[in-house]
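Whenever a hint applies, use it, and build me the whole structure from the sequences.
Number of protein chains: 4
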Amino acid sequence: MSNTYGTLFRITTFGESHGPAVGVVIDGCPAGLAISIDEIQTALDRRRPGQSDITTPRKEEDKVTILSGIFEGITTGTPIALVVNNKDQHSHDYSHIQHAFRPSHADYTYTAKYGTRDYRGGGRSSARETVARVAAGAVAAKLLQQYGITINGYVSQVGSIKLRKHYSKLDFGKIDSNKVRCPDGTVAAKMIGLIEDARNSLDTIGGVVTCVIQGAPVGLGEPVFDKLHAELGKAMLSINAVKGFEYGSGFEGVKLRGSEHNDEFYTDAQGNVKTRTNHSGGIQGGISNGQDIYFNVAFKPVATILQPQTTINDAGEEVTLQGKGRHDPCVLPRAVPIVDAMAALVLADFILRQKANKV
Amino acid sequence: MSNTYGTLFRITTFGESHGPAVGVVIDGCPAGLAISIDEIQTALDRRRPGQSDITTPRKEEDKVTILSGIFEGITTGTPIALVVNNKDQHSHDYSHIQHAFRPSHADYTYTAKYGTRDYRGGGRSSARETVARVAAGAVAAKLLQQYGITINGYVSQVGSIKLRKHYSKLDFGKIDSNKVRCPDGTVAAKMIGLIEDARNSLDTIGGVVTCVIQGAPVGLGEPVFDKLHAELGKAMLSINAVKGFEYGSGFEGVKLRGSEHNDEFYTDAQGNVKTRTNHSGGIQGGISNGQDIYFNVAFKPVATILQPQTTINDAGEEVTLQGKGRHDPCVLPRAVPIVDAMAALVLADFILRQKANKV
Amino acid sequence: MSNTYGTLFRITTFGESHGPAVGVVIDGCPAGLAISIDEIQTALDRRRPGQSDITTPRKEEDKVTILSGIFEGITTGTPIALVVNNKDQHSHDYSHIQHAFRPSHADYTYTAKYGTRDYRGGGRSSARETVARVAAGAVAAKLLQQYGITINGYVSQVGSIKLRKHYSKLDFGKIDSNKVRCPDGTVAAKMIGLIEDARNSLDTIGGVVTCVIQGAPVGLGEPVFDKLHAELGKAMLSINAVKGFEYGSGFEGVKLRGSEHNDEFYTDAQGNVKTRTNHSGGIQGGISNGQDIYFNVAFKPVATILQPQTTINDAGEEVTLQGKGRHDPCVLPRAVPIVDAMAALVLADFILRQKANKV
Amino acid sequence: MSNTYGTLFRITTFGESHGPAVGVVIDGCPAGLAISIDEIQTALDRRRPGQSDITTPRKEEDKVTILSGIFEGITTGTPIALVVNNKDQHSHDYSHIQHAFRPSHADYTYTAKYGTRDYRGGGRSSARETVARVAAGAVAAKLLQQYGITINGYVSQVGSIKLRKHYSKLDFGKIDSNKVRCPDGTVAAKMIGLIEDARNSLDTIGGVVTCVIQGAPVGLGEPVFDKLHAELGKAMLSINAVKGFEYGSGFEGVKLRGSEHNDEFYTDAQGNVKTRTNHSGGIQGGISNGQDIYFNVAFKPVATILQPQTTINDAGEEVTLQGKGRHDPCVLPRAVPIVDAMAALVLADFILRQKANKV
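Protein sequence lines correspond, in order, to chains A, B, C and D.
With our numbering applied, the first sequence corresponds to residues 36 to 394, in that order.
With our numbering applied, the second sequence corresponds to residues 36 to 394, in that order.
With our numbering applied, the third sequence corresponds to residues 36 to 394, in that order.
With our numbering applied, the fourth sequence corresponds to residues 36 to 394, in that order.
FYI, nobody ran anything at the bench for these hints, they're computed from the structure.
Among the clues, some could well be false.
Heads up, the list lumps identical chains together, so a pair's fine if it works in one copy or across two of them.
List of simulated lysine-lysine pairs, BS3-like, C-alpha gap at most 27 Å [claimed, not checked]:
1. Lys197 x Lys290
2. Lys225 x Lys290
3. Lys393 x Lys214
4. Lys290 x Lys214
5. Lys122 x Lys197
6. Lys122 x Lys214
7. Lys98 x Lys309
8. Lys290 x Lys204
9. Lys122 x Lys98
10. Lys359 x Lys290
11. Lys390 x Lys290
This is the structure:
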């Protein structure tokens, strides 16, 4: 198991989907940061189930409690423990999946790895674990605010419906203006239609979150292994259902010639170093160069579908499973705050690490 | 700086492109592994400059020396130090780039981050650092051999030329049969033509390496943060020039419905658990499921081009630069052994970590 | 801050003395270990305040709750979160110490380091933090039980009263037979008398805990930095009030000649490798050699005394402070379970790490 | 194995006593530090064998080479690799110890742990490994110089001969004025006599190094686990032959009452916070308080003696061994630079970590 992430701004998460609680301990948040429980709750509310008719209709309040590390509204430099109790953790019937391995879920691999598993709703492998990440991310985002750094994730693709506008043409203020979290209303409407279609077919659909980080200072990232994009990549790939990560020109960029792809430097009127293009995605040699950082994260279609599927049980026998209960037909809208949170955690860690690089 | 990678099988690399040497210390390689210097040298020879007319014509022998950790041909459990001396490190003239920031290189970001930089040929940000990774990867690969794990990377795309065959239709024995390291001769010929065209235009071109890991046992990977694909992603993204990583169905998979994407389990005639499809890329919940693991790694076009480019110097003034010397028109052929090495290092680490998971 | 300890069996603790709760997340405990909440509670009860008239008369129940990681009485390999709520955290008046720096406490250093502090009863620097260690140690001790390893700490010195018997002459079953936790009744009586005398003088007194680990297999410890005794030393020195650590012959051993100090090997009748003497304390080259491991831990007298003391406040002005409330005149009796817990955590970590050392 | 030490200022050491070389990679040294090879060599010369007639008469030059990380005399923020070649590594005959387990050496434990060992002169378990620590310590000490921190270790005890003067009465400038490195000439003469007596008896003798750190700012140390004294303790205990560590009042302090032991704060004429006594050894709550930091380190007598000893071989049979060659009758004089180096490494790491603690 590895449930700790970060070098200096470190989080340790715990909790199963149907255990008593999920939570996080943040170790290394600098002292002197003002943060209220409302700021953390607001971030959790963006991730909360039941927020619209294209997400799971489960109603969970996800109320956060602060157990330590914040005194009189200010961080003290000691570990910050945040806990969210799970609701109704004993009320469901899991007998249909207790012995079966759901297709494309982690039931089989957890059982093989640990010899046992908490079979109630995915246990530790459930995306409910990301509650802890989002709570911690709110603290990290508050720290980044001191440095003028903003993070804006949005849904840029659902199935084959793709937002083709460059991010600079978008109004990030509109990300939360619709239930799919795509800041372009026209494309958002098509995405919503597609998700509804998937839901009505008792099916699910995948998509892409694009994330833009602005205001980051030059110098973040720690080569040769902890390059800024390598850590962003790992952080994103550690989120449930993620299948790919690319930054800057990404997979499309491989088709270009060097002469097309290179970003020329220039000095602007204010004397700032800039690049004319930004195929580099704001990162060169693994270190932020002061331009916008942007990247894409691919999410597969949700594995739980409300159709019968053939699979096997832990005795190796073929069985038929049918998803029950209330599930997301598409994780993308609720994935946005999770991507934002992980990006904030990566940046906060590098902000702290960067302090140690010069005499 | 962060020059250590891995939790139990750990490597620490050092060295600048034009300093006296590059090298690696491997800490945590289990005792009792038989390994010869020739096995390490063979891996380095696949990465060596000057191996064909579509790579850099620089001639470097890259002879490895073992300083510690291997006694009478057997690892002793103590740190293994491997060093490769650099050739002619004082022979070149770097005055043209001493004060200039080459476009899409790390000159600017290193200078901003550290306040200073070794300007000779990229210094620490040079891909020469990967010599150390390949040497360490050869030791990791030898360990994996004890577990029946094989790793086969190959060039699957150069520019827009894409090998469309599924990996199961390829003969991995043919990867090294041509100079571009694409196991399909017809596609390889087209790729080589494209690279030659780029080279003749004094330009460069990007591409994709696909890597297939076979024989991995069920259970590798440490959720929730050190998921198998999250570590593979970080390891790949930490390689110079990499812009993206996807595994299994990757970015294309987002277009599918859950009912299409889910991999049904079945029990084969020998009683083994298998999946009928493998959109999961051999990884579920961040843990290997016993099926083939496969992923793609995108490499941008090489930033050094032999054409004049406009940029700025460290005084912020506009200057014109022109690449000199002998550079790769396309890194893909030489990237294959580097991808293989990083994959081996990730797997070796998880093999060791997995030992601690059950009572 | 650094609130995580261990490499593979890792604990992260949180909580202030007068915040809502203290707790711990254990990451890396192997799956399949049977453990009940009663076993954890029993360990906490040995540390609990108010257990005798020579410890603090504060009454705290210290009831532990399991939030995750144990399902149907068995560890699942996922993080185990244990929480103990603090009682009456709002009921006290701390105005007398809000601005004063208590002598030989951490008030001044925390304020200087973090620019702020939770002034209620020591906050994070309070020994209440060790509740978390003892809870985690109970899980580690259960793991060690699978390997036949036992740990027995006892009070071997209070002030100048020293138990001079070698540990092999003691009955560890009697450690808890008296309130000072010294297994020799006669010496225990003297120690109790001395503690009562200190208490009656409104003063405090220090002492030494000796700890004996038996049944450890040969091979635990990871040179050259994580030597077994180096980690035991760090773990013990990280406990509040500890001033020194020695193992085997310790500080007295420096007076011996090599010919007196060396431990000769022999093979016993059962064919086991043994040493005739054990000045090495069961550890050679940082690795357990199969003999008993034993060490001493020095605890200073408790800093809170019920007498007036001169000190300064955060404005640098001289003030007079007088300890209030219910404090331990001597921490030694309650230190025993904490030493045991930390020893168990160190051993459990090395048991897991040792699995990765051979092919 | 664990051959890396430190969190932000990290060293990784490698090398066996009779392999080609020993060395160290320093990762995380800030950029912009001026350091010359002579400064590193000077530190190594204090540790060098053959420096006087009370140390081993082996002649080794221990010439250091810089492979990376320092460019034009300035650290670049990239890993600093330092290598010292071993002399005559093939010239000796080890057949007498190839199969025997020397008493109180690590031959038996290494063989049991790893299943194999480099039997030439102790291999990795030899104190020759400390060459790497001393080289790295010189770089750390140069960093500390920027912060006004000085470290002075000296021999305070050999056998039963103890320097009873408080360190404040000593002239640290005289530490290197005699061959035993005790700054009091009269006591030094007695110590030298005792070592000569041990040597003439074909025996060895132990002792204590006291170390004083001055000029450290308030705030170093990272509770609750990485307390300043806990890391100092681990660092010292990781040195070959160390059996104990105590700081401030140490083991003697346990005899005191709290009213005697507490260090009262006051404000001096310059407005600085000070303590009237310093039983705390400059550390409270695991954090430096601005007063002098001091501690003692106990070293056992050298295990290699030139007398016959009974032991067993790897077949379990009794054999008689007699030390050959040139060995130290007492490690204390040469231990001083090693203690200094480890102290410098611990302080350098905390200086960097402290930068991340406030917003």
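Taking the hints in turn, this is what the structure says about them:
no.: 1; hint: Lys197 x Lys290; result: both (20 Å within a copy, 10 Å between copies)
no.: 2; hint: Lys225 x Lys290; result: between (29 Å within a copy, 14 Å between copies)
no.: 3; hint: Lys393 x Lys214; result: neither (45 Å within a copy, 38 Å between copies)
no.: 4; hint: Lys290 x Lys214; result: between (35 Å within a copy, 20 Å between copies)
no.: 5; hint: Lys122 x Lys197; result: neither (36 Å within a copy, 50 Å between copies)
no.: 6; hint: Lys122 x Lys214; result: within (24 Å within a copy, 44 Å between copies)
no.: 7; hint: Lys98 x Lys309; result: neither (43 Å within a copy, 41 Å between copies)
no.: 8; hint: Lys290 x Lys204; result: both (24 Å within a copy, 25 Å between copies)
no.: 9; hint: Lys122 x Lys98; result: both (10 Å within a copy, 22 Å between copies)
no.: 10; hint: Lys359 x Lys290; result: between (45 Å within a copy, 24 Å between copies)
no.: 11; hint: Lys390 x Lys290; result: neither (38 Å within a copy, 42 Å between copies)
The structure does not agree with the numbered hints 3, 5, 7 and 11 stated previously, though it agrees with the rest.
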